[in-house]
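Protein chains in written order, with my numbering: chain W, 79 to 734; chain B, 356 to 570; chain D, 7 to 395.
Read the hints as simulated data drawn from the structure, not as lab findings.
There's no promise every hint is true.
[What the hints assert, rightly or not] Capping the alpha-carbon separation at 27 angstroms, the derived lysine-lysine pairs in BS3-like fashion look like this:
1. W/K515 with W/K591
2. W/K331 with D/K367
3. W/K515 with D/K287
4. D/K28 with W/K551
5. D/K156 with D/K116
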Amino acid sequence: MAIIERPRELAPASFVSPKQAAGSFHRPVQTKGWKSWFFTIDHKKLGIMYGVAAMFFFLVGGTEALLIRIQLAQPNGKFVNAQLYNELFTTHGTTMVFLFVMPMAAAFANYFVPLQIGARDVAFPRMNAFGFWCFLSGGIFLYLSPLLGGLPDGGWFAYAPNTGPIFSPSHGMDFWALALQITGIASLTGSINLIVTILNMRAPGMKMMMMPVFTWMILVVQFLLVFAIPVITVALFLLTFQRRFGATFFDVKAGADPLLWQHLFWLFGHPEVYILILPSFGIVSEVLPVFAKKPLFGYKFVVFSGAAIGFMGWGVWAHHMFASGLGPISVMVFSLTTMFIAVPTGVKIINWVGTLWGGTLRFTTAMMFAIGLIVEFTIGGLSGVTHAVSPSDTQQTDTYYIIAHFHYVLFGGAVFGLFAGFYYWWPKVFGRMLDEKLGKINFWLMVIGTNFTFGPMHIVGLQGQPRRMYTYKAGYGFGPWNLVETIGSFIIALAVGTFLWNVVKTNGITGKKPRTAPLDPWDARTYEWMTTSPPKEHNFDSIPVVSHLDEFFHRKYAEDANGNMVKVATGEEILADQIAHADKHIHMPSPSYWPLVLAVSLPIIALGVIFSTYLAVVGGAICVMAAYGWAIEPSTADESDFENPAGPSTEVTVHV
Amino acid sequence: MSDVLDTVTDSGHDAHADHGHADVEHGAHGSSGLSNNKLAMWLFLGSDCLLFGGLISTYMLYRGRVQRGPNPNELYNIPFTSVSSFVLLMSSLTMVLAVTAAGRNDDRRMRIWLCTTAFLGSLFVGAQVFEFRSFYLKGLGFTTNLFGSSFFTLTGFHGVHVTLGVIMLLSIVGMTLRGKIPGRKAEVVELIGLYWHFVDIVWIVIFTLVYLIPS
Amino acid sequence: MLGGFALTLTGCAGNAPQDTWKPSGKYARSIDNLQEPIFVAAGVVGLVVFAAVVYCIVKFRERPGHDSIPHQSHGNPKVEISLTALSAAILLTVAVPTVNTLFEISNRPKDTALEVTVIGQQWWWEFQYKTPGMEGIVTATELVIPVGKKVRLSVTSRDVIHSFWIPKLNGKRDAVPNRVQPLNMEATTPGIYEGQCTEYCGLSHANMRQRVVALSDADFATWVANQLKPAAKPAKVKDATTGELVDTPQSGGEAAFIANCARCHQVNGLVDDKGDPQNSKADEQLVSGAAPNLTHLMSRSVFAGGMFDLSLPSAACSPKTAKYTAEHPTGTPDGCLNRADLEAWLRNAPAVKPMYSIQNKDKLYRGMPNLNLSEADIDKLVAYLTTLK
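Hey, can you work out the whole structure from these sequences and the hints?
So this is what it looks like as structure tokens:
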């Protein structure tokens with residue numbers, strides 16, 4: 079529908095129906111142009127926006143990493159000074175965790191969870207839009223800091239009291255704390271939204287144990303978020319109150335205990351690790367079965383181990399603090415819990431290998447990244463077990479060995495999984511194929527780069543090179559390995575560049591006609607492939623009833639008389655059947671201004687907290703206005719907002 | 356705190372990106388047996404539990420650490436706070452009455468009870484402001500010592516929760532008066548009821564741990 | 007695999023003074039005995055996984071003309087449960103020695119020979135000797151211990167969190183303000199054992215180093231005896247012509263020290279010309295409230311938080327061995343002094359080591375400010391400092 083805002087007319091007051099009075103604005107119901115993106119509440123558009131913004135921050139965080147590596151390429155590096163180096167590693171960590179991996183996982187979750195469970199959108203579409211804008215305004219707010227008083231310099235872990243007003247006097251840590259507060263709101267609303275969506279809006283017949291594993295892992299992650307975010311919220315409030323209003327929470331002279339921050343931070347921070355990795359576990363658990371042509375080995379085991387990680391993840395936080403001085407009893411307890419959380423993690427590796435075993439493996443780029451994850455993550459997982467051995471951890475913690483460990487987990491694990499997802503789902507999202515040849519170059523560069531960058535960190539870590547050092551002396555055996563790491567980091571940059579070039583080349587940006595993706599390019603197994611690529615605004619013309627795990631596969635294949643699986647239908651036939659039985663009335667909620675306005679009010683309030691009460695009041699006023707505007711706005715736009723009001727006789731009323 | 360407002364105000368109407376049948380009610384019961392709105396509210400309250408958990412832990416760690424300024428035992432006026440706690444408890448009762456009235460579609464009674472609840476809530480907040488003032492006059496500022504910082508933060512957060520609740524109650528009354536409440540009225544009232552009871556329960560915990568247990 | 011790989015490579019590394027796999031003391035050795043088999047076990051598990059993956063890749067790859075759908079197995083509970091149980095069993099075998107070692111290295115040894123309080127601050131370490139007979143010994147950056155004896159450290163901090171770590175002697179322990187945390191140490195052979203602060207502590211975290219010097223009993227006793235002496239006052243000399251007492255470079259340096267340095271730096275026994283004791287009031291100048299005690303500066307091998315060598319690294323001086331400290335318990339011989347770095351430090355300390363040398367709103371510094379000394383003063387100060395044996 080070509081829908082343009084009507085010219086506004088002032089209706090006589092007596093004519094104002096409640097709906098019109100709800101806002102003096104017309105709803106932004108355009109389907110084309112920037113407004114269709116800025117005010118959208120469509121989970122797919124929001125998913126893409128999450129992805130683009132997260133990719134941008136990935137490049138920012140990656141650039142910071144390269145600067146760090148240039149500085150450390152040789153002993154006594156002079157490329158950046160101590161202050162800038164400390165700022166770089168703080169923002170590198172913060173950006174990669176909060177502004178890249180989390181929102182990129184949110185991108186996948188937003189886009190695919192409704193599609194995988196046969197829903198037309200998430201439960202609260204406007205809250206979804208609000209979440210995205212919160213994340214983006216939080217990210218932008220963080221990077222306002224260099225313009226307004228300096229980047230944060232206290233580390234992404236922000237240990238008190240080093241982040242207090244005395245020891246970090248610039249505004250950097252204020253920006254850091256408030257930015258995370260804002261992105262925290264995004265995570266919290268997003269997680270509530272997705273849990274409700276998954277629990278309440280599955281297609282008819284889809285039992286919990288028929289949900290695709292990716293959706294399962296996202297569900298676990300959202301529960302972790304719901305309970306982890308408030309903990310960091312408390313910590314950030316305490317820090318902000320101390321820095322801005324003179325509270326004494328981490329003031330050593332007032333008798334404060336600096337370990338309070340560590341407990342709060344890691345009580346959030348360890349579940350956060352699983353928040354970062356589980357979405358990628360979900361992605362590879364989708365990719366491996368498709369390209370092995372057989373179901374996930376031990377689906378129940380994978381689901382339960384994911385849930386077990388979700389529970390046990392709460393009982394291991396203090397293993398980040400083995401050197402902090404907890405006393406041997408606490409250390410022992412957390413040592414043991416940490417060892418036992420390795421069991422459900424190991425289960426996943428076993429099941430992935432079991433999925434490959436006996437399959438018919440096709441080595442597409444997505445598959446290669448998935449297998450790459452198994453290998454790289456195994457290395458990270460095993461070095462993780464050595465940390466659970468607390469006496470040995472007191473030697474390794476805060477050295478490059480830890481950096482090696484968590485980059486194998488988060489880069490070799492989480493990021494490899496995300497790349498597998500890019501290559502696997504690209505045709506679904508954009509209806510176009512990425513170039514497989516470039517994809518393979520991308521993969522091999524990434525593997526080589528990862529192992530060159532992070533592999534030697536094990537060695538220098540065990541040789542005693544501590545982390546967070548802007549320089550190191552010659553004569554400790556660190557130099558040559560650091561040079562190798564720096565070279566490796568540029569190979570990773572090349573790999574990411576290859577991916578971006580792939581995107582540019584295959585999506586018509588260079589003027590070359592893009593290749594349209596077939597409907598079912600991978601012979602996929604799950605529900606999201608049972609609709610067009612890209613999906614329509616309302617996802618499915620009719621919602622197919624689910625009777626199997628891997629529903630799509632079971633509609634395509636059936637056993638013949640000999641017990642062999644044979645193809646009985648194509649994806650096109652299944653889609654045609656769905657279109658033939660299209661629902662007559664599909665009501666989609668309408669776009670809205672309020673999520674964006676509400677999200678923008680938050681950084682204004684935050685700036686006010688740092689600089690001026692007046693600004694905070696202005697932000698607060700916008701916030702209240704947006705909240706009320708939102709509260710009284712109906713979810714579907716009034717007919718008068720459209721150019722051609724859809725009459726009651728219209729067959730399919732799809733307000734898009 | 357806008358997330359509090361957000362979850363609740365959202366509650367009426369976003370619920371139906373529905374399953375293709377246009378007649379699905381707002382906030383229909385999904386596979387979990389709870390409506391989207393109610394499930395979301397429960398999740399939010401679960402999350403809020405950990406927020407207060409963190410603040411209460413901070414207070415418990417720091418309540419005895421008084422290097423200068425008054426300590427808790429010199430300040431607490433248990434009878435006064437008991438009365439204001441009682442007022443807040445009573446507001447839970449009136450909230451129940453409001454929810455029942457809303458369920459019966461008895462708009463007049465519902466408004467009366469909502470207003471009563473809001474009034475009792477305001478009374479509690481007023482008492483808290485009075486208490487803060489008297490503590491301040493006795494020498495306990497926000498920055499005086501660890502006890503002061505953690506006490507004002509914990510009870511302040513709770514006070515903000517009550518205040519937001521009062522604003523929501525009054526907003527609902529206003530909206531029903533102008534007929535602008537989106538979604539099903541009874542459910543919206545019930546959602547605020549959940550929130551209100553949660554805030555009450557949290558106060559019982561705070562009152563016990565902060566005021567009654569000697570430090 | 008990577009464990010084994012790392013093992014090999016660290017084994018090959020010739021010069022790695024902070025190597026965690028080459029213990030030189032009881033506690034580090036307990037840790038190493040625990041971790042080495044675990045690294046090997048982890049390596050074996052890794053190899054098994056990689057072998058399985060490679061086997062799958064080779065064996066089950068899609069072959070041309072053979073695109074049938076494989077058996078749709080949903081799993082094999084027996085295999086899954088037994089492999090899960092196996093991984094749990096492996097972890098259990100790791101858990102037992104872990105707990106044993108944990109208590110072994112944490113418990114207070116009965117035969118503690120030396121008690122030292124270790125205090126971190128931005129960006130150097132202070133060591134206060136607490137054992138009876140050694141009270142009053144305060145050193146910076148360099149902790150001297152007797153070899154083969156159990157040392158109990160009490161680690162704390164005056165400002166932010168630091169972490170005390172001597173990789174060859176034991177794991178690390180955070181120095182947390184408002185907490186005093188124990189750490190055991192014992193060196194089996196005489197030597198210098200290096201370490202660095204390992205908890206991010208702000209601007210110059212990378213330049214916060216520490217070392218332990220382990221001496222034989224006899225050498226240690228000599229060292230202690232020397233440390234207990236207060237600083238001697240450099241004598242003025244009688245001018246040959248006027249007969250008046252005039253300053254030597256050393257005594258002039260002492261005056262310059264009192265004028266410029268003594269507000270922060272304690273020198274035990276320092277008195278001005280009137281005989282008034284000059285005690286430091288560092289808490290009026292510094293956020294941490296302390297600056298290194300310089301009474302026996304020349305008995306140390308490094309200065310400025312371990313950033314610079316105090317002695318030239320020449321063959322004659324060879325400050326890298328404990329033998330050197332043993333031979334020079336009373337300080338660096340004049341010919342060995344690293345004069346260039348010491349003068350640069352006095353000329354403008356924050357230019358050679360990043361520090362917050364601008365006063366904050368409470369008029370306090372973090373680190374040593376630029377004192378804008380004249381070259382003449384610097385020469386005199388160096389002359390005086392060399393007397394602090």
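Pair hint W/K515 and D/K287, alpha-carbon separation not exceeding 27 angstroms: violated (70 angstroms)
Agreement of W/K331 and D/K367 with the hint, judged by alpha carbon distance not exceeding 27 angstroms: holds (16 angstroms)
Would the pair W/K515 and W/K591 pass a check requiring their Cα atoms to be no farther apart than 27 angstroms? Status holds; Cα separation ~17 angstroms.
Hinted pair, alpha-carbon criterion (27 angstroms max): D/K28, W/K551. Please report holds or violated. At roughly 20 angstroms apart (the allowed maximum being 27 angstroms), W/K551 and D/K28 satisfy the hint.
Assess, step by step, whether the Cα of D/K156 is no farther than 27 angstroms from the Cα of D/K116, and give holds or violated. holds (9 angstroms)
Violated hint for the displayed structure: number 3, the only one.
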